[in-house]
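All chains should be modelled from the sequences, with the hints used to inform the complete structure.
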Amino acid sequence: MSPLDSVVSIRLGVLTVAASFMLLEYLIGRLAHHDLHDMRETAATFGVAAGHSLIRGLEAAIIALPFMLAYEHRVFNIDAATVNGAVLLFLAVDFVYYWHHRASHHIRWLWATHSVHHSPRRMNLTAALRLGWTANISGHFLFYLPLAFLGFHPFAIVAALAANLTYQFFLHTELSPRFGPLEWILNTPTHHRVHHASEAECLDKNFGGTLILFDRLFGTFAEAPEGKPLTYGLRGGSQSHHPLRIVFSEWSAMIREVRGASKFGQKFTILFGPVTRRKAATTRPRSPENGRTIEAPSEG
Numbered sequence: 001m002s003p004l005d006s007v008v009s010i011r012l013g014v015l016t017v018a019a020s021f022m023l024l025e026y027l028i029g030r031l032a033h034h035d036l037h038d039m040r041e042t043a044a045t046f047g048v049a050a051g052h053s054l055i056r057g058l059e060a061a062i063i064a065l066p067f068m069l070a071y072e073h074r075v076f077n078i079d080a081a082t083v084n085g086a087v088l089l090f091l092a093v094d095f096v097y098y099w100h101h102r103a104s105h106h107i108r109w110l111w112a113t114h115s116v117h118h119s120p121r122r123m124n125l126t127a128a129l130r131l132g133w134t135a136n137i138s139g140h141f142l143f144y145l146p147l148a149f150l151g152f153h154p155f156a157i158v159a160a161l162a163a164n165l166t167y168q169f170f171l172h173t174e175l176s177p178r179f180g181p182l183e184w185i186l187n188t189p190t191h192h193r194v195h196h197a198s199e200a201e202c203l204d205k206n207f208g209g210t211l212i213l214f215d216r217l218f219g220t221f222a223e224a225p226e227g228k229p230l231t232y233g234l235r236g237g238s239q240s241h242h243p244l245r246i247v248f249s250e251w252s253a254m255i256r257e258v259r260g261a262s263k264f265g266q267k268f269t270i271l272f273g274p275v276t277r278r279k280a281a282t283t284r285p286r287s288p289e290n291g292r293t294i295e296a297p298s299e300g
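Residue numbering for the sequence shown follows the UniProt record's numbering, starting at 1 and increasing by one per position.
Just so you know, the hints here were simulated from the structure itself, not pulled from any lab data. All C-beta atoms in this analysis are idealised placements derived from N, C-alpha and C, irrespective of residue type, glycine included. Misleading hints may appear alongside valid ones.
What the hints assert, rightly or not - Pairs of lysine to aspartate or glutamate, DMTMM-like flavour, derived with a Cα cap of 25 Å:
1. LYS267 x GLU257
2. LYS228 x GLU183
3. LYS205 x GLU183
4. LYS267 x GLU226
5. LYS228 x ASP204
6. LYS228 x GLU199
7. LYS228 x GLU174
8. LYS228 x GLU201
9. LYS205 x ASP94
10. LYS205 x GLU226
11. LYS228 x ASP38
12. LYS228 x ASP35
13. LYS205 x GLU223
What the hints assert, rightly or not - Derived Cβ-Cβ restraints for the label pairs, each shown as a range:
14. ASN136 x ARG256: 20 to 30 Å
15. TRP99 x LYS228: 25 to 35 Å
16. GLY227 x ILE62: 47 to 57 Å
17. ARG216 x PRO146: 17 to 27 Å
18. ALA81 x THR269: 43 to 53 Å
19. PHE170 x ALA64: 20 to 30 Å
20. GLU226 x LYS263: 42 to 52 Å
21. ARG11 x THR269: 32 to 42 Å
22. GLN168 x ARG40: 20 to 30 Å
23. PHE143 x LYS228: 29 to 39 Å
24. LEU12 x LEU65: 22 to 32 Å
25. PHE218 x ALA19: 30 to 40 Å
26. GLY227 x LEU12: 41 to 51 Å
Laid out in structure tokens, this is it:
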């Protein structure tokens with residue numbers, strides 16, 4: 001079997017497992033009478049996911065070039081096939097992911113892409129598939145480029161990041177218990193629900209991928225509020241179920257603001273300054289009694 005065939009087989013296997021868990025989550029929610037899914041939102045998510053997969057496939061060869069160039073000028077030779085090399089790569093990817101993710105919440109040029117992922121109003125496994133199409137326009141790949149320069153092979157970086165993101169797929173659910181002492185080390189569904197929540201105390205918290213240790217180390221960790229239902233979604237405006245509007249909403253808003261600004265400094269700040277459109281309670285909180293959604297007033 002060729003390397004390409006192996007990649008295709010692994011990808012199909014992962015997709016099959018993911019689809020099985022999404023179906024299982026949906027069935028459990030229906031049987032338990034929990035309002036876990038909105039079919040219009042889920043359909044929109046699948047539309048966004050289809051576009052994301054197509055675009056990433058078309059971009060792959062282009063994005064590979066700077067990684068191969070960086071690897072050609074690597075400082076070290078780090079063999080990720082060894083135990084030490086694999087552990088080092090795992091920690092390095094998770095560390096870079098933390099800072100990449102954190103920056104994506106604070107720099108508007110990056111948030112324009114990442115905001116797509118925070119747009120679902122329900123926390124379920126399908127939400128993991130709602131990813132922006134413009135990651136490489138935002139320059140997300142630049143965060144991982146130094147790993148190739150350090151000496152990790154680009155294929156190893158891609159594999160480690162894919163494993164990291166596959167793990168994160170299972171974090172997007174409300175059907176999960178706490179995991180005891182592992183909650184201190186690993187990013188878990190409990191921690192990731194906080195990350196997606198729109199309450200003030202939850203904003204810009206829990207950026208970790210596989211581990212939650214970097215959040216604890218750098219002061220961005222937050223526990224889930226005790227006995228308080230969480231809300232999810234973005235601040236302002238009405239929710240769209242059109243994939244193109246979901247993907248380009250923040251870009252459109254940003255471009256309108258740039259066109260309305262008269263000075264270069266203002267335009268630059270709009271594009272690369274701090275995020276001002278935050279998540280808020282325009283979403284519908286869950287009733288702690290029965291898990292069903294209840295209406296909440298909009299906060300602009």
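Tested hints:
no. : hint                        : in the structure
1   : LYS267 x GLU257             : 8 Å, holds
2   : LYS228 x GLU183             : 19 Å, holds
3   : LYS205 x GLU183             : 15 Å, holds
4   : LYS267 x GLU226             : 42 Å, violated
5   : LYS228 x ASP204             : 18 Å, holds
6   : LYS228 x GLU199             : 10 Å, holds
7   : LYS228 x GLU174             : 14 Å, holds
8   : LYS228 x GLU201             : 12 Å, holds
9   : LYS205 x ASP94              : 16 Å, holds
10  : LYS205 x GLU226             : 16 Å, holds
11  : LYS228 x ASP38              : 22 Å, holds
12  : LYS228 x ASP35              : 17 Å, holds
13  : LYS205 x GLU223             : 9 Å, holds
14  : ASN136 x ARG256: 20 to 30 Å : 23 Å, holds
15  : TRP99 x LYS228: 25 to 35 Å  : 29 Å, holds
16  : GLY227 x ILE62: 47 to 57 Å  : 49 Å, holds
17  : ARG216 x PRO146: 17 to 27 Å : 24 Å, holds
18  : ALA81 x THR269: 43 to 53 Å  : 46 Å, holds
19  : PHE170 x ALA64: 20 to 30 Å  : 28 Å, holds
20  : GLU226 x LYS263: 42 to 52 Å : 47 Å, holds
21  : ARG11 x THR269: 32 to 42 Å  : 40 Å, holds
22  : GLN168 x ARG40: 20 to 30 Å  : 24 Å, holds
23  : PHE143 x LYS228: 29 to 39 Å : 33 Å, holds
24  : LEU12 x LEU65: 22 to 32 Å   : 27 Å, holds
25  : PHE218 x ALA19: 30 to 40 Å  : 35 Å, holds
26  : GLY227 x LEU12: 41 to 51 Å  : 42 Å, holds
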